[in-house]
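Undergrad: Chains as they are written, first to last, in this note's numbering: chain W, 1 to 187; chain E, 1 to 195.
Read the hints as simulated data drawn from the structure, not as lab findings. C-beta: ideal position from N, C-alpha, C; glycine also. Check each hint, because a few of them may be wrong.
Result set (DSS-like, lysine-lysine): computed pairs, CA atoms no more than 30 Å apart in a straight line [said to hold, decoys possible]: (1) W/K62 to E/K75; (2) W/K74 to E/K75; (3) W/K125 to E/K43; (4) E/K71 to W/K10; (5) E/K71 to W/K125.
Listed next, the stretches of chain E that the computed footprint assigns to chain W, with coverage defined by at least 3 CB atoms under 8 Å from CB atoms of chain W [stated by the list, open to error]: (6) 8 to 14; (7) 23 to 30; (8) 38 to 49; (9) 131 to 139; (10) 147 to 157.
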Amino acid sequence: MAPTSNADLKVLMQSIGSGDQAALAGLYRALERPVYKFILSKLNDPAEAHDILHEVFMDVWKAAPSFEGRSTVKTWIFGIAYRKTMDHFRKHSRVSVTDDMPEQIDESPDAASCLAASQESAHVKHCMGELKAEHRSAVELAFFEDMSYGQISEVAGVPEGTIKTRIYHAKKLLMRCLQGRIAGALS
Amino acid sequence: MSMEREELEAMLVFLANDTLEGDERLEVETAVAADPNLAEELKVLKGIRATMQAEDDGIQTPGEFGLARLKRDIKASKRMIQPAQSTGLWRIAAVVAVGLFAAQTLFLVSQPGVEDYILAGEEQRLEFALQAGFVGTATEADIRELLLDAGLVIVDGPSAIGIYTLSAPDADAQSAALERLQNRPELVEFAEELQ
Numbered sequence: 001m002a003p004t005s006n007a008d009l010k011v012l013m014q015s016i017g018s019g020d021q022a023a024l025a026g027l028y029r030a031l032e033r034p035v036y037k038f039i040l041s042k043l044n045d046p047a048e049a050h051d052i053l054h055e056v057f058m059d060v061w062k063a064a065p066s067f068e069g070r071s072t073v074k075t076w077i078f079g080i081a082y083r084k085t086m087d088h089f090r091k092h093s094r095v096s097v098t099d100d101m102p103e104q105i106d107e108s109p110d111a112a113s114c115l116a117a118s119q120e121s122a123h124v125k126h127c128m129g130e131l132k133a134e135h136r137s138a139v140e141l142a143f144f145e146d147m148s149y150g151q152i153s154e155v156a157g158v159p160e161g162t163i164k165t166r167i168y169h170a171k172k173l174l175m176r177c178l179q180g181r182i183a184g185a186l187s
Numbered sequence: 001m002s003m004e005r006e007e008l009e010a011m012l013v014f015l016a017n018d019t020l021e022g023d024e025r026l027e028v029e030t031a032v033a034a035d036p037n038l039a040e041e042l043k044v045l046k047g048i049r050a051t052m053q054a055e056d057d058g059i060q061t062p063g064e065f066g067l068a069r070l071k072r073d074i075k076a077s078k079r080m081i082q083p084a085q086s087t088g089l090w091r092i093a094a095v096v097a098v099g100l101f102a103a104q105t106l107f108l109v110s111q112p113g114v115e116d117y118i119l120a121g122e123e124q125r126l127e128f129a130l131q132a133g134f135v136g137t138a139t140e141a142d143i144r145e146l147l148l149d150a151g152l153v154i155v156d157g158p159s160a161i162g163i164y165t166l167s168a169p170d171a172d173a174q175s176a177a178l179e180r181l182q183n184r185p186e187l188v189e190f191a192e193e194l195q
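Chain E extracted, bound-state conformation (with noise of 0.2 Å):
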């Protein structure tokens, strides 16, 4: 399946690391190759990684000051050593966790005549649009009781990597909906204006 463009852009700081791989990374070089606006991006961020790689300098790290810390607290406490009993509620853990999430990414809502869908590479634009991202943890119920709230719809979405882009009926409503998903960190991974 090929990726949608957010997805394309988010693999291009992978691009620029160079830890992808295979089939992904011959789909982002390809689609890179095909886009001068993307060839440009992942130019900016191999700079940027250029940039924060050569920040290192100067930083004091403890050394051996905290190595020496860390026997002597170590010689302190009677060592503990934790038997490997908490695998199974882990596993449960990990089970509920994947499953909330593609609650999630399952998620959505068709909306009978509203047509303003911004298909991928496109660039028509959405007025009053808004573009969110959820936390892995949110449920349907959650997603929906929030967007019901703020009077917002889902007009596309949710993309591979999870974004939905959402349509305020005007614009003082796209302020108030913004304002909303941004006040629910628990919820909300990120929410903004679609530009």
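Same shape as in the complex, but just chain W (with noise of 0.2 Å):
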């Protein structure tokens, strides 16, 4: 079974720091999916993902004798991913900002609409995407990676508070956008 626990990456941590490829498989495969998930569902291109997620562990190989231990395996290496993936943001100029708001259909979201849309995996994806990166890969961590929000202040690089304004805004969009969508398959 793949380590998951942080004294557990760590130990692999340690040991790729010391150049033992063995262990940089093992975090590999320890790490590899939701790491890739994560890079994915920003780039949506397969084989970018590819490329970034090869850069990543390129880089933990490189890094691994400078880590110090003062954040978790996980947010230090999904730190890596995210500023990977926002420099290939930059980099080919993609339209990452839309946060548009979506149609008001009413003054406040109804919750049993958005409950109901929230348990649809279409809807929830739709809305999702409709998210600016930075504000998408908030929610992302906090919901696929069950992070907290000093976690992902520490991934993103940006002030605790920082995240917590991007979650507030992030969830009200997506209640809102929720509740559209239920609201317009009716209509």
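With the hints as a guide, bring the two chains together.
TA: Here it is, written out as structure tokens:
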């Protein structure tokens, strides 16, 4: 079974720092999937996501000797993935800033509609896609990876208050969007 | 210090993913127990989380091919061990970033005569109002210049999570100001009409 606790991953990091390729393979097998999924959700291009994942683990290999364990291994690696993905966005001038308000259905999101829509994968995927990259990342790290706001702030390299602001805004947009999807389906 | 409404709403996400601890958790749980709207939102957020986590199936990761590529490239490249020399620079950058963030958070402009506050927890509405958050690196001078340029005044904030409530004189000015803010992503984290 792949190691998942931070203590196990830290042991692997120490071995990688000493040049142990088998430990790198262990770390890769443990974290490849969540890191790849995180990258892919932003790029929506499997080939590009493969390349960035490769770069992330190359960086892990190179930087392992300097890993000091101040953050968890997972947070540290997601931080590398986050920066690489955002750099990719900037280099390719991809339009990542949407965050447009969906058509307003009501002044406040209706909880029953939101609840129904929240259980439909297509609706959630669509509404997540409406968020700009930084906001989407915060929600994904919270809900895919179950990270705390402190960990997300380490990954994104911004203050905790910024993460709370992003989450507050993203949550509002998600609620409105989900309500809009249900209202749209009914009309 | 108790949380304001906006921070409470943000914290629901971390109650939904079970990462909230200690006093913060207690405060949010107490608020949820007392407010049916927050309780409903929490249900929705738990639903979103469950749906997102169940979505995992079907994604093809590079798997062993990716690992083989990694090993090949490591073999091909001469390994470079980075000395831990940049720690000092990062410390300086972190101090500067924290300072800028603190300056932004402390920025408060009082407007004599403007009494249209929306107090935390109140349903009172403000005409031609916007809500905005600024990036952590935005300075007080940047924010002031942008708000003056957009014809906006601060009527509330910054909240504990850095959100400002802004007011425009009329509907046209509100739309124009919103566009101005949204066109400055290097300073503005988000901007929207206040519903």
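Undergrad: Indicate, hint by hint, whether the structure satisfies it.
TA: Cross-check of the supplied hints:
Restraint check: the Cα-Cα separation between W/K62 and E/K75 comes to about 12 Å, which is no more than 30 Å; the hinted pair holds. The hinted pair formed by W/K74 and E/K75 meets the criterion: a straight-line CA distance of about 25 Å does not exceed 30 Å. Only pairs whose Cα atoms come within 30 Å are accepted, and W/K125 paired with E/K43 is accepted, the gap being roughly 18 Å. Straight-line distance between C-alpha atoms of E/K71 and W/K10 comes to about 20 Å, which keeps the hinted pair within the 30 Å bound.
With a C-alpha separation of about 34 Å, the suggested pair E/K71 and W/K125 falls outside the 30 Å cut-off, and the hint is violated. Remark: the region 8 to 14 of chain E is confirmed as covered by chain W, as 6 of its residues place a Cβ nearer than 8 Å to a Cβ of that chain, reaching the required three. Given as covered by chain W, the region 23 to 30 of chain E fails the check, having 0 residues with a CB less than 8 Å from a CB of that chain where 3 are the minimum. Interface restraint, the region 38 to 49 of chain E with chain W: holds (8 residues with C-beta to C-beta distance below 8 Å; minimum three).
Requiring three or more residues with a Cβ within less than 8 Å of a Cβ of chain W, the coverage given for the region 131 to 139 of chain E holds, as 3 such residues are present. With 0 residues bearing a CB less than 8 Å from a CB of chain W, the region 147 to 157 of chain E misses the requirement of three and the coverage assertion fails.
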